[in-house]
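Undergrad: Chains as they are written, first to last, in our numbering: chain A, 1 to 296; chain B, 1001 to 1355.
Some clues are possibly wrong.
[What the hints assert, rightly or not] Which stretches of chain A does chain B cover? Using the computed rule of at least three CB atoms under 8 Å from a CB of chain B, they are: (1) 216–229; (2) 267–280.
[Claimed, not checked] If you want the ones that stay clear, here's a sample from chain B, every Cβ over 10 Å from chain A, calculated: (3) Ala1011; (4) Val1025; (5) Thr1033; (6) Ala1083; (7) Thr1087; (8) Phe1092; (9) Pro1136; (10) His1143; (11) Asp1318.
If you are wondering where the hints come from, they were derived from the structure by calculation, not from laboratory data. Think of the CB as a built atom: it goes at the ideal place given N, C-alpha and C, for glycine as much as any other residue.
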Amino acid sequence: MNLAQIVQYCLSGIAAGSVYAIVAIGFNIIYNTTGVINFAQGEFLIVGAMTAISLNQIVPLPIAIVLAVVVTVLLGGLIELAFIRRVPNASVMRLIVITIGISIIVREAMLHIWDETVRSLPYFTGSEMSTISILGAQISPQVLWVLGVCAVIVAALTLFFRFTLTGRAMRACADDRMAARLCGVNDRWMVTLSFMLSAGIGALAGCVISPVTQTQYDMGAPLAIKGFTVAILGGLGNSMAAVAAGLLLGLLEVFMVSQFQVAYKEAVSIVVLLLILVFRPSGLFARPETSALRAF
Amino acid sequence: MHLQRYLPVIAAVLAVVVLHLALSVADATYYMTQITMSAYYALVVVGLCLLMGYAGQVSLGHAGFFAIGGYASAALTTSNLLAYQHTRPIAFCRSLGLLLERQDLYGTSILSFSPWLAFAVAMILAAFIALIIGLPVIRLKGHYLAMATLGFGLIIYRIVLAADGFGKADGIINVPPFRLFDGLQVNGRAPFRVQNYYIAWTVVIAAMVLTTNLIHSRIGRALRSIHQSEEAAHSLGVNTYRCKLCTFILSALFAAAGGALLTHYNGSIGPSEVTVMKSVRYVAIVAVGGMANLWGALLMGVLLNFLSLRGVFGTYDDAVFGAILIAIMLFAPDGLLRMPRLAWPPFLASRRSHG
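Chain A with its partners taken away, still in its complex shape (with noise of 0.2 Å):
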C-alpha cells in the first residue's frame, strides 16, 4: 500500500467517522438529559436527507437543506411530546421499547412516502466526477465538505454547552435533574430542545453524506448501529470522546474493506460493539469509577 493509496482510505474514513460521531453525538444528547437511548436516532438522518431530496426539486439546495432540517426539528420534538413526555416515570426497559416502535413507524411512514427508490442530493460543489487531488489522492469534494460540516456541528455545540444559558441548563439537568428544576431550569422543556438538537445535527449530517452514500429508507438502523458503536467506544454521555471514537471506527472499517470482503463491512462495527461492551462498557476514554459522570 503506497502513500497515495494510505491518504485515501485514512480521508474516507474520517469521512464516514466524523457522520458516526454526529449519530453518537446525537445518542449523547438525548440520553444525557434523559437517560435513554433513542433508537430512532438512525431515523432523524434519513428522515432530513429525504425531505430535502423532495424540497430540492423546488427551491435551492442550500434553502432545501434548511427547510429539511427545520422539519427534522420539528419532529424530534413532535416525538418527544407525543411518546417520551407521557412517560415521565418509565423504566428503562420501556422507554426503550418506546423509541424501537417510534423507529419502525418513521421508517415505515417513510416507505410509503418515498419507496423503496434509493435516492441522493446533488454534490454540494462540483459533481460525482471532480476529485481534488490530495498527497496523490483523489478525493471528492463532498468528503471535504462532510468533514467541514461535522467539524462545524461540534464546534457549534461545544459553544452552545459552554457559553449559552440554555446549553447550560441541559448541561445542569444532565447533571442532576432535581436539581436542575429548583433552580428554575424548565427540565422538561430541556428533555424536548434535547430530541429537537439531536433530530437537527442528525437531519444535517444525514444531508451531507447524501451524495456520497446515496439514501434509501431502511438505512438509519445500521447507522444508528454504527453511531451506538461509537458513543459507547466513547463512553456513554462523553461527546469530545465520541468524535474520536467515530474517527476510529471510520478508519477501522475502511482499512477491513481493503482487506475483506464488502459484505463483512457491517459486521467490524458490530464485533467492535460486543467486543467494548464484554470488555470495557464505560469506553475506552473513561475510567469505570468515572463513567457514570455524564459530560457533553
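Place chain B on chain A using the hints.
TA: Just chain B, lined up with the frame of chain A:
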C-alpha cells in the same frame, strides 16, 4: 394436585380441538396451515416471554436463534453427501441410519443427513452459541443488553446473507419433510395439514407445560425474585448470573426448535426470517401478552402471527407491530390481557399455596 396450574393446559388442548372442529364444519381447514406456522412462531414468543417476563432480560436478537435452528436443519438436510458416501465418517453415519436418501424433483438422488440428526445438531449448536453469547452478554443491563443482543442478531443476518453455504439472499429451498415416526411427518403439503396442526400444537403445549412447571419450581421463584430485585435475590443466595444464563439458553432453544420445525414445514428458509424487525416483532408480541404472562404471550403469538401471515395488515405489517409496541408501552405496560384472578371453589383452592 396443582389442578389450577394445569387448567390452562386442559383449556388449550380443548381450544385446539374445538378450533379444528369449527374449521372443519366451516369448511375452512386451509386456515390451519397459517395456524400451524403461527404455532411455531409462538414457540419463539413463549421462550422470549420466559426470558423477558421472568428473568427480566430483553433480547433483540431472538430471530438469530430462530435462524440458527432453521438454517442448521436446512443446511444439513439439503447438502448432498453422495460424493463422499464412501469416506469413513459418512459410511459410519449411514450404518447408524443417520442419513436420508431421496430423489429431488428432477430425479437426482440426494444423500443427506437425516432430519433427526440435523435437529439434534441444530439444538446443540443453538445452545452452544447461546452459551458463548450469553456468558458475557447476560452481565449487561438496559441499553447495553438491548444493543448487544441486537448486534448478535445483525451478525447472524450478515452471515446468512454473505455465506454461500446458506444460499445468500435466496435462502435454502427444497428442505425435506421431517419424518418423526412412521406416518407422522412435519410436512407443509395439503394432505398433511391436519396431522401437522396437531404436531405443532403438541410441541407448543409440551413447551407450555415445561415452562409452567419451570416457573413454579425453585428456579422459577429464583427468576421472579431476580426480576423484582436482583440485589435482594443475590443477597439471599440466588445465583442470579447462572439463573439468567440458563434461562437465556432455554429461550434460545425454544426459538431454534421453532425455527427448525417451521423450516421443515415450509420446506425453505430465507434471510427475511433473520431481520431485526423479526426480533422486534417477537418482543412486541411478548409485550402485548403481558411481559410475565406465558399464556398471554402464547395467545397473542398465535393471533398476531396468524393475522400477519394472512396478510390482514397489508403493506402496513411492520408499522402495525411498531404501533402495537408504542401503544402497549404507553398505555398498558402490563399487557392487554392481565388475566383476571378467578375465584376458585374451595375444594380446588385447597392447594393453591403452591401455585
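Undergrad: May I ask which of the numbered hints given earlier this structure violates, with the numbers listed in increasing order?
TA: Per hint list: 9, 10 and 11 violated.
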